[in-house]
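Which chain is which? The protein sequence lines are E and C, in order.
Residues 15 to 259 in the numbering used here are what the first sequence spells out, letter by letter.
Residues 15 to 259 in the numbering used here are what the second sequence spells out, letter by letter.
Please note: incorrect hints may appear among the correct ones.
Heads up, the list lumps identical chains together, so a pair's fine if it works in one copy or across two of them.
Stated by the list, open to error - Subject to a maximum C-alpha distance of 35 angstroms in a straight line, what follows is the list of computed DSBU-like cross-link-like pairs (lysine-lysine):
1. K58 with K241
2. K231 with K178
3. K231 with K58
4. K131 with K178
5. K51 with K231
6. K55 with K241
7. K58 with K131
8. K178 with K241
9. K58 with K178
10. K131 with K55
11. K51 with K131
12. K178 with K51
13. K51 with K241
14. K55 with K231
15. K131 with K231
Read the hints as simulated data drawn from the structure, not as lab findings.
Given the structure is predicted, the values throughout are model-derived calculations rather than measurements.
Number of protein chains: 2
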Amino acid sequence: MRNIKLVMEYDGTGFAGFQIQPSGRTVQGVLQEALEKLTGKPVKVVGAGRTDAGVHARGQVASFQTESGIPGERFAPALNGCLPEDLRILESGEAPPEFHARYSATRKTYEYLIYRKTEGAVMHRDHALVLTGELDLEAMREAAAHLVGTHSYRSFCASGSGVKGFIRTVEELTLEEPGEWLRFTVTADGFLYHMVRNIVGTLLLVGQGRLNPAEVKTIRDSEDRTKAGPTAPAPGLYLVRVEYE
Amino acid sequence: MRNIKLVMEYDGTGFAGFQIQPSGRTVQGVLQEALEKLTGKPVKVVGAGRTDAGVHARGQVASFQTESGIPGERFAPALNGCLPEDLRILESGEAPPEFHARYSATRKTYEYLIYRKTEGAVMHRDHALVLTGELDLEAMREAAAHLVGTHSYRSFCASGSGVKGFIRTVEELTLEEPGEWLRFTVTADGFLYHMVRNIVGTLLLVGQGRLNPAEVKTIRDSEDRTKAGPTAPAPGLYLVRVEYE
Chain E
15 MRNIKLVMEY
25 DGTGFAGFQI
35 QPSGRTVQGV
45 LQEALEKLTG
55 KPVKVVGAGR
65 TDAGVHARGQ
75 VASFQTESGI
85 PGERFAPALN
95 GCLPEDLRIL
105 ESGEAPPEFH
115 ARYSATRKTY
125 EYLIYRKTEG
135 AVMHRDHALV
145 LTGELDLEAM
155 REAAAHLVGT
165 HSYRSFCASG
175 SGVKGFIRTV
185 EELTLEEPGE
195 WLRFTVTADG
205 FLYHMVRNIV
215 GTLLLVGQGR
225 LNPAEVKTIR
235 DSEDRTKAGP
245 TAPAPGLYLV
255 RVEYE
Chain C
15 MRNIKLVMEY
25 DGTGFAGFQI
35 QPSGRTVQGV
45 LQEALEKLTG
55 KPVKVVGAGR
65 TDAGVHARGQ
75 VASFQTESGI
85 PGERFAPALN
95 GCLPEDLRIL
105 ESGEAPPEFH
115 ARYSATRKTY
125 EYLIYRKTEG
135 AVMHRDHALV
145 LTGELDLEAM
155 REAAAHLVGT
165 HSYRSFCASG
175 SGVKGFIRTV
185 EELTLEEPGE
195 WLRFTVTADG
205 FLYHMVRNIV
215 GTLLLVGQGR
225 LNPAEVKTIR
235 DSEDRTKAGP
245 TAPAPGLYLV
255 RVEYE
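Next up, chain E with everything else stripped away, as it sits in the complex:
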């Protein structure tokens, strides 16, 4: 058995998320179908991040095992030849036998994009959160500082997610403003379910003056999901990078 690693991007708009489901078009489902066509055998694909419906990826990583003789680097062009145009393989290659796209990942980076103007909003509604109105970026950055480091992020984890540990290390959480955009970048050793979208939803409350920055520390320490802000919508979220040792 050979182990193959794929790096891919997709427009999440037309997918019911990464993970295969009984019904609905999924990234995993579309990939497995293409791989079965290519290798002649059923293939089980594992993704580094199980992105939700409407969430995009610019650097999702997946792995699968195969007995096919196709050279590792040839999977990318071969797959692109039969995949739909909202899913593209950026690179492919052989991976060590123990490599697992999800369990071997040591660090992931997500971005969350907000488009802040009325004009042009129709073009961006599937690929960003459109949000006009003033935001106090200074206050949001002050609040964001409480969400960096090793903490329980349970207050930002969708309830009923079934996870056991809630401690994660956020290495970076930055806000940038290129032109009419606002971009959050979050790097961590792992993410809880809806963690980035709940962090963004909470920081937006701070930006709108409905929470003060110090309250975000209180919310974090409460380990109570109901204290934090709403889950920001899926179309603004991008999985941009997955790193391995």
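On the provided structure of chain E, position chain C as indicated by the hints.
Okay, now just chain C, sitting in the frame of chain E:
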């Protein structure tokens, strides 16, 4: 009868063009339906530019006559309340009785957007032409200079378009390169059918070294559509501004 002017933007991806058709979802059709709901009477909407299927607008202008008592500036919010989210009215207001969105227009500006990287392309495929590979911008600009001024632009007009005069005045034709994008901006007193897309298709041949800049003058003077380049795809095109006296 009052005369109302609308300025709007739309994502052309989900429309079979501006102009109403026996079948297919059109901007005019969707607008007229919303206006009939709002005013209680059938309304005939005229657009400044009859954009094709897949072509976008950031500043399309339309006009219509109505006996409704709704104040001119209230049409924008009222329409936005019942229009689908891929069509937004940016402003509305009373216009003089003789105003006609198409016939009164003295100048229009289109942009054509090209995304030049493989990475990120899936996000932009409906809103730009994705084109990788080297382009000689210097040569393209030299060629573009032959497509500014008052000339017959028949070589760049879709054949069988039924127009009589082919003389137009192009006031501006520029190429800019913000980041991984290439943006053409064309301003003229009027446009022939497919004119911008045929100009872009021809300039791309120059950029790829398949035509030299001087040949573009020859093509222009030939008044022969078959001499010019192919029609660039619809998703890159935006109607950005319509001007009136």
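Now for the hints, and whether the structure bears them out:
In this assembly of identical chains, K58 and K241 lie within 35 angstroms of each other by CA distance neither inside one copy nor across copies; the values are 39 angstroms within and 52 angstroms between. In this homomeric assembly, K231 and K178 come within 35 angstroms of each other (Cα to Cα) only inside a single copy, at 22 angstroms, whereas the closest approach across copies is 70 angstroms. In this assembly of identical chains, K231 and K58 lie within 35 angstroms of each other by CA distance neither inside one copy nor across copies; the values are 41 angstroms within and 57 angstroms between. Taking identical chains as interchangeable, the C-alpha atoms of K131 and K178 are never at most 35 angstroms apart, the minima being 40 angstroms within one chain and 41 angstroms between chains.
Taking CA atoms no more than 35 angstroms apart as the test, K51 paired with K231 passes in neither setting, with 51 angstroms inside one copy and 50 angstroms between copies. Neither within a single protomer nor between protomers do K55 and K241 lie at most 35 angstroms apart by alpha-carbon distance, with minima of 49 angstroms and 50 angstroms respectively. Taking the closest pair of Cα atoms, K58 and K131 come within 35 angstroms of each other only across two copies (30 angstroms); inside a single copy the shortest separation is 43 angstroms, beyond that limit. In this homomeric assembly, K178 and K241 come within 35 angstroms of each other (Cα to Cα) only inside a single copy, at 20 angstroms, whereas the closest approach across copies is 68 angstroms.
Proximity of K58 to K178 under the C-alpha cut-off of 35 angstroms is restricted to the intra-copy arrangement: shortest distance 26 angstroms within a copy versus 61 angstroms between copies. Proximity of K131 to K55 under the C-alpha cut-off of 35 angstroms is restricted to the inter-copy arrangement: shortest distance 33 angstroms between copies versus 49 angstroms within a copy. In this homomeric assembly, K51 and K131 come within 35 angstroms of each other (Cα to Cα) only across copies, at 28 angstroms, whereas the closest approach inside a single copy is 44 angstroms. For the identical chains of this complex, K178 and K51 are neighbours neither inside a copy (38 angstroms) nor across copies (53 angstroms), given an alpha-carbon limit of 35 angstroms.
In this assembly of identical chains, the alpha carbons of K51 and K241 never lie at most 35 angstroms apart, being 48 angstroms within a copy and 42 angstroms across copies at closest. Taking CA atoms no more than 35 angstroms apart as the test, K55 paired with K231 passes in neither setting, with 51 angstroms inside one copy and 57 angstroms between copies. With identical chains, the CA atoms of K131 and K231 are at most 35 angstroms apart within one copy only, with a shortest distance of 30 angstroms there and 41 angstroms across copies.
Violation of the numbered hints given earlier is confined to hints 1, 3, 4, 5, 6, 12, 13, 14; the remaining hints are satisfied by the structure.
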